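Enquirer: Which chain is which? The protein sequence lines are A and B, in order. According to the working numbering, the stretch in the first sequence is residues 1210 to 1597, in order. According to the working numbering, the stretch in the second sequence is residues 1210 to 1597, in order.
Read the hints as simulated data drawn from the structure, not as lab findings. Treat the numbers as computed from the prediction; the structure is a model and nothing was measured. Any given hint could be a false lead.
One copy or two, either will do: identical chains are not told apart, so a pair holds if it fits within one copy or between any two.
BS3-like mimics (lysine-lysine), calculated; alpha carbons at most 30 Å apart, straight line [claimed, not checked]:
| no. | residue 1 | residue 2 |
| --- | --- | --- |
| 1 | K1487 | K1261 |
| 2 | K1211 | K1376 |
| 3 | K1497 | K1314 |
Protein chains: 2
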Amino acid sequence: MKNLTILGSTGSIGQSTLDVVRHHRETFQIEALVGNRNIVQLAADAVEFGAKIAVTADPALFDQLTSALAGSGIAAAAGETAVIEAAQRPADLLIGAIVGAQGLKPTLAAIDQGTPVALANKECLVSAGDVFMQRAAAKSVPVIPVDSEHSAIFQCFETRNADSLDKVTLTASGGPFRTWDAAKLKDVRIEDALNHPNWTMGRKITIDSATLMNKGLELIEAFQLFPIGHGQIDAIVHPQSIVHSFVSYIDGSVLAQLGMPDMRTPIALALAYPERLKAPVERLDLTKSADLTFEPIRHDVFPAVRMCLAALERGGSATTILNAANEIAVAEFLSQRIGFLQIAALVEETLSLAERDSAITSLGSLDDVWDADRYGRETATELARNLL
Amino acid sequence: MKNLTILGSTGSIGQSTLDVVRHHRETFQIEALVGNRNIVQLAADAVEFGAKIAVTADPALFDQLTSALAGSGIAAAAGETAVIEAAQRPADLLIGAIVGAQGLKPTLAAIDQGTPVALANKECLVSAGDVFMQRAAAKSVPVIPVDSEHSAIFQCFETRNADSLDKVTLTASGGPFRTWDAAKLKDVRIEDALNHPNWTMGRKITIDSATLMNKGLELIEAFQLFPIGHGQIDAIVHPQSIVHSFVSYIDGSVLAQLGMPDMRTPIALALAYPERLKAPVERLDLTKSADLTFEPIRHDVFPAVRMCLAALERGGSATTILNAANEIAVAEFLSQRIGFLQIAALVEETLSLAERDSAITSLGSLDDVWDADRYGRETATELARNLL
């Protein structure tokens, strides 16, 4: 039996993880489930899977969770410290699927305990970069990516032949605005942006997919996860989302991972690695799927990808500030306070100010990360206020 | 330095191998080159690469080869025994690229010496099946496939997860007659059949590509090379020849190998394995390549694939007889004695007669292989004579 803790169990990745576990009850047991405000789902899942403890990040919901679990024998807890304590419980694998910078502390807490991590929280790598991977390396903790793109690279990357790498290419669906011009993009409504063609995901990541910021963040993440040099990583648009990413070698060979766009495949891989596990997903039949097409990213209309590569090249806290500014910008957009094109503009302007303020520093510790994160949030918030 | 012997050095695969070696003279040296009747090429290559010996399979050409090598200090030899002796010389890798059943004896001779083999001769696996792989296993000799499809599978097949295999799918370009109907195929000319859309290859294999017999033989070969069950292997048409084959797992994940259609990529892999080597090939740029399309094989028009799968399921010498009959049938077609559609018909009829004659036996030894091979050739030749 493999003992699992899921951070972010009520979110999209958490729910898909539980669905895979549902089909393999003989293989997995649930140690702890950590959710946020969806107490009904959290309690129902804790009961269904016999978790030892259920935790909500929101202390105000402690009583509600306690009532929902009354008589089940399952412990309840709430608040940031409780989340970290849940992550520190002994487990064979922690699924780190809390969205945003909030996922960083508890995921690192698991790493420090030596617990292997299946990572779906990209901010751990984008914000905390070297610090995160250094702490994983110090404990020899495997970090298995859950994102479909990084799972694809994980399956295609020959570690023994890292010297023979030509490049790593992430595929992007292109999002709902793949064919829109800049003029039309000015007036994008929230509903348009939330209408992703191939994947059903949370709101934040869906907006990031529409701006292609998601792909940019994934490039940063890939750079942290795999031994890739600057200039060896890029993204292309592949509207069908069948080829999830690929790795090219110096002999002209390209290894790709394909599949239906269903997160349960990369989740099953992360749960079973180095083995594989039957996943309850539709199988890919290429004779029935659409033709596979590929096109370059329109960097003039979607500047986020190049912005992320530039921040990656800049190094240090540049990606931390970028990520923090993007979280603010997306929230502002979802609150209808800024327009769609202003998301990337706000991030870019924050980075310019950071350069002017000499706020881009190397990241020696987690405190440096928090400082940069705060700088990015405050600067972006102030910039957004001035835009109103 | 890796010491190489090339069987079939003047053929298409042999020449591509030498071209890869030409770019890595510091890594490889040539022990022996074995060719057939192209003495000019054989001698020129032996001199360019400083081979220790050059061998022609044709004893009548011994004097010609000796003259061509006069003063070079390179030994010359000729005839079947000399070919086998060349294969037995100590080498770090033998490239087995003699086309047809003639490749079997010398390749096995290398295996028996414990020499690792990069195998481009499919008849070794199609004709001699279990016998060949058993002898390789007995000496723990690695057999690295050179065919683009099997190289693709070799790169995508997770041996540790053979239990989690869903299926292996070979891609077929569909050949020059992919869209032709049966009526039109009756009148195919040799020039049409030799005009392959994506690959430049020898005449025999080009005709096999046109009938799709090549794909059928490759299915048999894949079955021998990898731990695959009956029903776990299939082929689909992919006209662009960019995806060279793929492996599907029970978690819904599909691993594929892609690249430009250039044999120097799988050859470089075989030469360098488990490492990789820079190959002088054009790199794949999916944003510039055609859309990738896939379609089912038209089994009604191209019966060869199902015929091969049936022979594989039948087991024993069925694939030996099939392969022998096909060699005769292709030769008859190239001599303009039978029509295009009669190639598959001749093979099918040979197998029917073999069943009637109880000529399909298990293959315990190489003698059984020769008996079955002879039966297939004689029966197909007689059938062809009756068709005239």
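Enquirer: Take the hints in turn and mark each one as holding or not.
Expert: Now the hints, each set against the structure:
1. K1487 - K1261: within (26 Å within a copy, 53 Å between copies)
2. K1211 - K1376: Between copies, since 27 Å is at most 30 Å while 35 Å is not.
3. K1497 - K1314: neither (44 Å within a copy, 43 Å between copies)
This entry does not satisfy hint 3, going by the numbered hints stated previously; all others are met.
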